[in-house]
Amino acid sequence: MERIRMVFSGSGGQGVITASIIIAEAAVLYENLVAVQSQSYGAEARGGATKADVIISDSEINFPKVNHPNLLVCLTQEAYTQFSPTIRPGGFLITDTRYVKTHNRVAARQRELPIYQTVMDNIGKPVVYNICMLGAVISIIDIVRPESVMKVLEARIPANLIDINKKALELGRKLGEPFKEL
Amino acid sequence: MAVKDYIRERFFPQMWCPGCGHGIILNGLIRAVEELGINKNDIVMVSGIGCSARISGYLDFHTMHTLHGRALAFATGIKMSRPELNLLVPMGDGDALAIGGNHFIHAARRNIDITVIVMNNRVYGMTGGQFSPLSGYGSLATTAPYTNIDHPFDAVDIAKSAGATFVARSTTYHIRQLTDLIKKAITHKGFSVVEILSQCPTYYGRKNREGNAYEMMELMKQITTPVGSKAKKENPDLVETGVFVEIDKPEYCAQYEKIIERAKKDGLVRSPSTGRGRVSPGLG
Amino acid sequence: MNEKNIKFVQGNEACAEAALYAGLNFFAGYPITPSTEIAELLSVRLPQTGGKFIQMEDEIASICAIIGASLTGNKVMTATSGPGFSLMQEALGYAVMAEIPCVIVNVQRGGPSTGNPTHVSQGDVNQARWGTHGEHSIIALTASNHQDIFSTTVDAFNMAETYRTPVILLFDETIAHMRESLAVPEKGALDIVDRLKTSVKKGVDFHPYLPREDGRLPMSDFGGIHRYNVTGLFHDMWGFPSSDPKIVHGLLRHLVDKIENNVYNIARYKEYFIDDARTVFISYGSSARSALHVVKNRRARGERIGLLELQTLWPFPAAVVRKICAEVQCVIVVEMNMGQVLQQVKMAVDDPGKVFLANRIDGMLITPTDIRNIMRVIQGKGV
Chain Y
1 MERIRMVFSG SGGQGVITAS IIIAEAAVLY ENLVAVQSQS YGAEARGGAT KADVIISDSE
61 INFPKVNHPN LLVCLTQEAY TQFSPTIRPG GFLITDTRYV KTHNRVAARQ RELPIYQTVM
121 DNIGKPVVYN ICMLGAVISI IDIVRPESVM KVLEARIPAN LIDINKKALE LGRKLGEPFK
181 EL
Chain G
183 MAVKDYIRER FFPQMWCPGC GHGIILNGLI RAVEELGINK NDIVMVSGIG CSARISGYLD
243 FHTMHTLHGR ALAFATGIKM SRPELNLLVP MGDGDALAIG GNHFIHAARR NIDITVIVMN
303 NRVYGMTGGQ FSPLSGYGSL ATTAPYTNID HPFDAVDIAK SAGATFVARS TTYHIRQLTD
363 LIKKAITHKG FSVVEILSQC PTYYGRKNRE GNAYEMMELM KQITTPVGSK AKKENPDLVE
423 TGVFVEIDKP EYCAQYEKII ERAKKDGLVR SPSTGRGRVS PGLG
Chain D
467 MNEKNIKFVQ GNEACAEAAL YAGLNFFAGY PITPSTEIAE LLSVRLPQTG GKFIQMEDEI
527 ASICAIIGAS LTGNKVMTAT SGPGFSLMQE ALGYAVMAEI PCVIVNVQRG GPSTGNPTHV
587 SQGDVNQARW GTHGEHSIIA LTASNHQDIF STTVDAFNMA ETYRTPVILL FDETIAHMRE
647 SLAVPEKGAL DIVDRLKTSV KKGVDFHPYL PREDGRLPMS DFGGIHRYNV TGLFHDMWGF
707 PSSDPKIVHG LLRHLVDKIE NNVYNIARYK EYFIDDARTV FISYGSSARS ALHVVKNRRA
767 RGERIGLLEL QTLWPFPAAV VRKICAEVQC VIVVEMNMGQ VLQQVKMAVD DPGKVFLANR
827 IDGMLITPTD IRNIMRVIQG KGV
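Going down the list, the protein sequences come from chains Y, G and D.
1 is the number of the first residue of the first sequence in this note's numbering; add one for each residue after it.
183 is the number of the first residue of the second sequence in this note's numbering; add one for each residue after it.
467 is the number of the first residue of the third sequence in this note's numbering; add one for each residue after it.
Calculated from the structure, these hints are not laboratory results.
It is possible that part of the hints are untrue.
Stated by the list, open to error - Distance condition first, Cα-Cα at most 16 Å in a straight line; then the derived EDC-like pairs of lysine to aspartate or glutamate:
| hint | chain 1 | residue 1 | chain 2 | residue 2 |
| --- | --- | --- | --- | --- |
| 1 | G | Lys412 | G | Glu422 |
| 2 | G | Lys186 | G | Asp242 |
| 3 | G | Lys366 | G | Asp242 |
| 4 | D | Lys762 | D | Asp742 |
| 5 | D | Lys668 | G | Glu422 |
| 6 | G | Lys365 | G | Glu428 |
| 7 | G | Lys371 | G | Asp419 |
| 8 | D | Lys663 | D | Glu652 |
| 9 | D | Lys762 | Y | Glu31 |
| 10 | D | Lys470 | Y | Glu2 |
| 11 | G | Lys371 | G | Asp448 |
| 12 | Y | Lys65 | D | Asp742 |
As the list claims (entries may be wrong) - Far from chain Y, some chain D residues (derived; all Cβ distances over 12 Å):
| hint | residue |
| --- | --- |
| 13 | Ala754 |
| 14 | Ala757 |
| 15 | Thr833 |
All C-beta atoms in this analysis are idealised placements derived from N, C-alpha and C, irrespective of residue type, glycine included.
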C-alpha cells in the first residue's frame with residue numbers, strides 16, 4: 001500500500017489530537033497496519049494551535065513526523081495558512097467551511113465540508129465534532145473501516161455516548177462520500 | 183535492656199565537642215526507647231548531615247546517614263514501604279529548616295508517621311559556626327561578623343502550621359521532660375516534631391558570650407517556661423516548652439492502604455466530584 | 467486487549483508498563499514535562515498491584531524516597547526531565563556510593579535551564595555520565611522505539627539489581643510522547659533479575675558491604691532481620707564511615723570496576739546493514755529513526771551505508787564502536803546536541819578524522835533531509 005501521511009491541525013478543544021490517536025489506534029489494533037502518531041505540544045492545555053501527525057503504512061515506520069502530508073485537515077484559518085503550503089501535490093486538503101476560507105494557490109484536492117454545521121444541525125452537540133471530521137477522512141481515504149473506529153471509541157468512552165459518536169461518524173462519512181478516492 | 187545495649191560501643195567516645203548538648207539528647211532518646219520497650223529491630227533512624235546527623239552512627243538501630251536536609255525524604259520512602267517500623271529522624275536546625283525546610287513542611291503536611299527530633303543548637307557546628315535560620319536576629323556567627331540580620335524561624339510554629347499532629351519543645355536542661363516528650367512523639371500516630379534546644383559552647387556560646395556549657399544550660403532554664411504559663415504573659419520573650427499540638431488526623435500510610443484497597447477493587451477511578459469519568463491512561 | 471496483547475501507546479506508557487513487568491513496586495516523582503505521563507499512569511496502576519506511588523514535593527525528594535524504598539527491598543523508579551534530573555544529581559551520587567539499586571528515567575527536553583520543555587533534545591548524555599560529583603561509573607540506556615523502550619526498561623531494572631547501582635534511562639521527548647504499537651511480552655518471556663538477598667541468618671553478623679567472591683553484594687532488606695548502617699561517606703564493610711586511605715581507595719575502585727569491567731555485558735546495540743558498509747551512522751534514541759530512514763532509502767539505491775544504533779550510552783561501548791568502524795571510510799554520528807556521543811566515538815576509533823557530526827539543536831527532531839544535506843557537505847558536494 002501507499003504510505004499515508006496525515007496532518008490534523010486546528011485549535012485546542014476541537015479534538016484534532018484525539019481524532020489523530022483514534023484513527024492511528026484503529027489502524028494498528030483492527031486493520032493490522034503499522035501507525036505512528038505524534039503531536040506538537042504547546043504549554044497550554046486548551047486553546048492555541050494544535051497539530052498532530054499520523055503515518056499509516058503496512059511496513060515499519062522510522063521517521064515519525066510528517067513534513068509533507070498527503071492528507072491535511074485544517075480546522076482554523078491559522079492552521080490553513082500555516083500548513084496548506086506543506087501538502088504533497090495531489091494530496092487531499094479538508095477544511096471546515098465554518099472556519100476556513102480557502103484560496104486556489106494550493107496544489108491539492110481541496111474539500112470544503114460543512115462539518116460543524118452538520119454536527120449542530122443533526123446532533124446539536126459540538127463534542128462529537130472531531131468524530132464527524134474523522135468520518136469524512138475515512139470516507140475520502142479508504143484506510144480504516146468505520147467499524148474499527150467504533151471499536152476504539154467503545155473502549156475509550158462511556159456507553160451512553162456511543163450512539164451520538166456513531167451518528168457523528170456516519171454524518172462525516174456522508175459528507176466525504178462524494179469525494180471518495182477511487 | 184540496659185542503656186548500653188542500644189549503643190554501638192565501639193564508636194565511643196562520641197565525636198561531639200566537650201559540653202555539646204547533643205549527647206544529652208542521645209541519652210534522653212535511648213531512655214525514651216528503653217522505657218517504651220521498643221525492639222531495636224523495629225526502629226529505623228534516618229539522619230541528614232551535620233553534628234546532629236552523627237547520632238545515627240552511635241545507635242544500634244537500622245541506621246541511615248543520608249544527605250544534608252534530605253533525611254525526611256529518604257525516611258518517607260522507607261516508611262511507605264514498611265509502615266510497621268518506627269521512623270526516627272534527628273535533624274539539626276539548618277538540616278531541618280534551611281536546606282531541608284521544604285521536606286520538613288511537606289512531610290508534616292502529609293502527616294506521615296515519622297518522629298522528628300530537631301536538635302536546635304542555633305548554629306552550623308560541623309562547618310565551623312555559621313549562622314542558621316534559628317540563630318536569631320542580632321546573633322554573631324562566623325558568617326555574621328557584623329551581627330546577623332536574618333530573622334529566625336520558630337520551629338514549633340512552622341511544624342504547627344505545616345500540619346504536624348504532635349508538636350513539642352524542650353531543652354537539654356530539662357532532661358526528664360525531654361525524654362517524656364520523645365516518648366509521646368514516638369507513640370503518637372502521625373507526624374510528630376520535638377524541638378530540643380541544645381547548647382553549642384564551642385561556636386554559638388563562644389561567639390555570643392553565653393559562656394560554657396553549664397552557663398548555657400543555666401540560661402536555657404532561665405529563658406524557658408511551661409506552655410501556657412502566667413510567666414509567658416508577663417514576659418513574652420520567654421520560650422515555651424511542653425506540648426503545643428496533639429491531635430488525631432488520618433495518617434498518610436494508613437490512607438494509602440485504603441487507596442490500594444480501592445484500586446484493587448474498582449480497577450478504575452471515578453472523579454470524586456461527579457462520579458463520572460474513566461481513566462484511560464495515554465489518551466490526550 | 468487483543469490476542470497478541472498489542473497496545474497503541476506513548477513511549478512513556480511503554481516505559482511504565484515495562485517497569486511494572488520488571489517488578490516495580492515503588493515510584494516517587496514530581497510532575498515535569500515531558501515525563502509526566504509515566505507518573506500519571508503509575509499512580510493508577512501501582513496501587514492495583516499493591517505497589518505504592520507517591521508524589522513528592524520536588525525531584526530531590528523523589529529520588530531520596532525511592533532510594534529509601536529500594537533499601538527496604540522494593541524495585542523502585544522515578545521519572546523526570548532536564549531540570550528535575552539536575553536536582554537529582556546529589557542523591558544519584560548517594561545511590562552510587564551506598565550501592566542502592568534504582569532506575570531514574572530522564573526524558574530529555576531542550577536545555578540548559580527551563581529550555582524547551584515540550585521539544586526534543588539529546589543534550590543530557592554527558593550529564594548522565596558526569597552529573598553527580600566525584601569519580602564514579604554509571605549505567606545509562608536508551609531506545610528508539612516502543613518495543614525497545616519496553617525491553618530496555620526491563621534491562622535497566624535487571625542491571626540495577628545485578629550491579630547494585632542506579633541505572634539511568636535516557637529517553638527523549640519525541641520517543642516519549644509519540645504513539646506506536648507495543649506488544650506487551652507474556653509473563654516470563656523476558657528475564658527478570660530479582661534482588662540478590664543475603665543468606666546470612668538472623669542473629670549472625672551481616673556485612674552489607676562485603677562482596678562475595680564473584681564481586682556481588684547480597685542485600686538484606688533494611689528494617690528487617692539485620693541492623694546495619696548506610697551512609698554516603700566512604701565506608702567499611704559494615705557500612706560505617708571511614709577515611710582510611712586503604713578503604714577509600716578500595717571502595718572507589720570497586721564502584722568503578724563493577725561497571726567498567728562489565729562493559730561487554732552491559733553493552734546493548736543494534737546493527738543495520740553494517741557488514742559491507744563504507745559509511746556508518748552512529749545514533750541512538752529518536753534520531754536513530756531518522757538515520758535508519760536514510761539508510762534504508764540509500765540501501766534501496768545500492769549505497770553501502772549502515773547504522774549502529776547504541777542502546778547503552780554508558781559505560782560507552784568503545785570496543786564495539788572501534789571494531790565496527792575499523793574498515794569504514796566515513797562515520798557520521800547523528801544526535802541532537804553539539805556532539806556528546808561524537809566525542810566518545812572520536813576517542814574510540816583509530817582515525818578520528820573520519821568521524822563527522824550530523825546534528826540538530828533547535829528542538830525539532832532531526833529529519834532524514836537534514837541528514838542527507840549534511841552528508842552532501844561531508845562528501846564535498848556542497849549544499
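Evaluation of the provided hints:
| no. | hint | in the structure |
| --- | --- | --- |
| 1 | G:Lys412 - G:Glu422 | 11 Å, holds |
| 2 | G:Lys186 - G:Asp242 | 10 Å, holds |
| 3 | G:Lys366 - G:Asp242 | 21 Å, violated |
| 4 | D:Lys762 - D:Asp742 | 14 Å, holds |
| 5 | D:Lys668 - G:Glu422 | 45 Å, violated |
| 6 | G:Lys365 - G:Glu428 | 13 Å, holds |
| 7 | G:Lys371 - G:Asp419 | 32 Å, violated |
| 8 | D:Lys663 - D:Glu652 | 26 Å, violated |
| 9 | D:Lys762 - Y:Glu31 | 25 Å, violated |
| 10 | D:Lys470 - Y:Glu2 | 26 Å, violated |
| 11 | G:Lys371 - G:Asp448 | 29 Å, violated |
| 12 | Y:Lys65 - D:Asp742 | 30 Å, violated |
| 13 | Ala754 | 8 Å, violated |
| 14 | Ala757 | 8 Å, violated |
| 15 | Thr833 | 7 Å, violated |
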